[in-house]
Amino acid sequence: MTFIRPIVILFGLVLIWQTIVLVTGVPAYILPGPMSVAEAFLSHTGPLFEHAMTTLLEIIAGLLIGTLLGASNALVMIASRSLKRWLLPVLVISQAIPVFALAPLLVLWLGYGMSSKIAMAVLIIFFPVTAAFYDGMRSTEPEWLELAQVMNAKPMAIIRHVRIPAALPAFASGLRVATAVAPIGAVVGEWVGSSSGLGFYMLHANARMQIDIMFAALSLLCIVSLMLYFLVDRAMIKIVYWQKEGNKKEARHL
Amino acid sequence: MHNSTKIDTRFEGGPAAPSVTLEQVSFAYPGEQIFRSLNFTVKGGQWTCLIGPSGCGKSTLLRLISGTLREGLSGRIHFSDGNNHKGLTAWMSQKDLLLPWLSVVDNVCLGARLRGEMTAKKRLKAMSLLEDAGLGEYANVLPSSLSGGMRQRVALLRTLMEERSVILMDEPFSALDALTRLKLQDLAARLVEGATVLMVTHDPLEALRLGHRIYVMTDRPAKLSDALIPPGSPPRNPGDSAIISMQATLLERLEGRDKS
Numbered sequence: 001m002t003f004i005r006p007i008v009i010l011f012g013l014v015l016i017w018q019t020i021v022l023v024t025g026v027p028a029y030i031l032p033g034p035m036s037v038a039e040a041f042l043s044h045t046g047p048l049f050e051h052a053m054t055t056l057l058e059i060i061a062g063l064l065i066g067t068l069l070g071a072s073n074a075l076v077m078i079a080s081r082s083l084k085r086w087l088l089p090v091l092v093i094s095q096a097i098p099v100f101a102l103a104p105l106l107v108l109w110l111g112y113g114m115s116s117k118i119a120m121a122v123l124i125i126f127f128p129v130t131a132a133f134y135d136g137m138r139s140t141e142p143e144w145l146e147l148a149q150v151m152n153a154k155p156m157a158i159i160r161h162v163r164i165p166a167a168l169p170a171f172a173s174g175l176r177v178a179t180a181v182a183p184i185g186a187v188v189g190e191w192v193g194s195s196s197g198l199g200f201y202m203l204h205a206n207a208r209m210q211i212d213i214m215f216a217a218l219s220l221l222c223i224v225s226l227m228l229y230f231l232v233d234r235a236m237i238k239i240v241y242w243q244k245e246g247n248k249k250e251a252r253h254l
Numbered sequence: 001m002h003n004s005t006k007i008d009t010r011f012e013g014g015p016a017a018p019s020v021t022l023e024q025v026s027f028a029y030p031g032e033q034i035f036r037s038l039n040f041t042v043k044g045g046q047w048t049c050l051i052g053p054s055g056c057g058k059s060t061l062l063r064l065i066s067g068t069l070r071e072g073l074s075g076r077i078h079f080s081d082g083n084n085h086k087g088l089t090a091w092m093s094q095k096d097l098l099l100p101w102l103s104v105v106d107n108v109c110l111g112a113r114l115r116g117e118m119t120a121k122k123r124l125k126a127m128s129l130l131e132d133a134g135l136g137e138y139a140n141v142l143p144s145s146l147s148g149g150m151r152q153r154v155a156l157l158r159t160l161m162e163e164r165s166v167i168l169m170d171e172p173f174s175a176l177d178a179l180t181r182l183k184l185q186d187l188a189a190r191l192v193e194g195a196t197v198l199m200v201t202h203d204p205l206e207a208l209r210l211g212h213r214i215y216v217m218t219d220r221p222a223k224l225s226d227a228l229i230p231p232g233s234p235p236r237n238p239g240d241s242a243i244i245s246m247q248a249t250l251l252e253r254l255e256g257r258d259k260s
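Same order as they appear, the protein sequences are chains Z and P. Each step along the first sequence adds one to the number in our numbering, with nothing skipped, and position 120 is 120. Each step along the second sequence adds one to the number in our numbering, with nothing skipped, and position 256 is 256.
Hints were generated in silico from the structure; no laboratory data involved. Take every hint as true, because none was put in to throw you off.
Here are the computed lysine to aspartate or glutamate pairs in the EDC-like style, where the Cα-Cα straight-line distance is at most 16 Å:
no., chain 1, residue 1, chain 2, residue 2
1, Z, 84, Z, 135
2, P, 223, P, 32
3, P, 95, Z, 141
4, P, 95, Z, 146
Kindly produce the complete structure, drawing on both the sequences and the hints.
Dropping the structure here:
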């Protein structure tokens, strides 16, 4: 059942798409039908996958660096109150600047290569990761902290053994959001200035009125993003193993 | 029930368990005086019960002794063995506070883990405590698969693992059903024997079952009654006629009718 459902949904969407094309009779250079997109996909697999590789690398690098920076930032804010007072406003200000507006600057500073796109992805995911992890650690059950205090635990041990594990479920949802939005950063970066990647390829096809290729690139981007999301989702379920565990082994007696 | 190979898991503090004395203790939350010049001694090696209406400051008193609450405290709290709060008390509350990501045995060893003192020997001791409490087969499962009574039993063992001579309990059994509560009270009475225990409760029967001495706390700033000393040694039979009649006395004191 779990396997069939996405296939049915996908099939339904394609069917609606085909119907719209048939009923409205829009020309193919505005909205190509699914068949012609599939054709374009198959005849351009080489360049499509090459560009997809670039974009995927940018997304993954952005995710890794952004998560690392976001998580360490959250840890610093939890560990030190005085540093938190300085970091929190900076974090909020950084969120007030629309990241998209920075894209041209990043390309100017970091060049047409991958680094400007990675930087875009990092900027986009930094906040959700930091906020989720920090909030998770801050809202740790106060009585757990009190118990740890009575047990004579050092502040660092409390962070390591209580706060961090307690924050993992929140961190996992932050990471899910990050995985969903990271491709946006990479593609926007590619639009502004690049010579490879799916965003670049879409722009390139658009300029040549090859709308079917553009749609093929778009679908590939969707597939890449979805795969990444499901991989991260799986990993997160593993990491917060105790949430899923539930009441598998029923207690037999009191 | 258990064979002879098992390690003795009872409390090891022995007769040396210290008493805790509060001298002229005053404490206020912003805008609210909880204690004013309170003098109180928790006798060493005995189980003392503190009973009173909700919000009269019972839990605050425990927190002052454990040292988790300091701001706003004046007066002196000292332990008869000359030590200070830190590292002397063990804490058990109404919530079991088990960490859901740690297995049952790891939860029992939480204190050692937090202090970086985890050893194979500690783990063995935790295992034998679990065996003794009838939880041996659950040592490696996560707490989420245990019932409420079992979870609270694990919390009790975690408290014992601390090997502290003063144990502070904040309504530890109040969230359990009657039968489970009785069983857990028996287990607790057996396992903590010899330690200095201060337990807050609002169940008169529980206080009468377990306490060597019972104090009623009322009013604000809080006042303590004289000690009520039930006959016999805990855990007492709840059906005992002396216990039942004392329960009436206790209820009267709680309501403030008894002014003698």
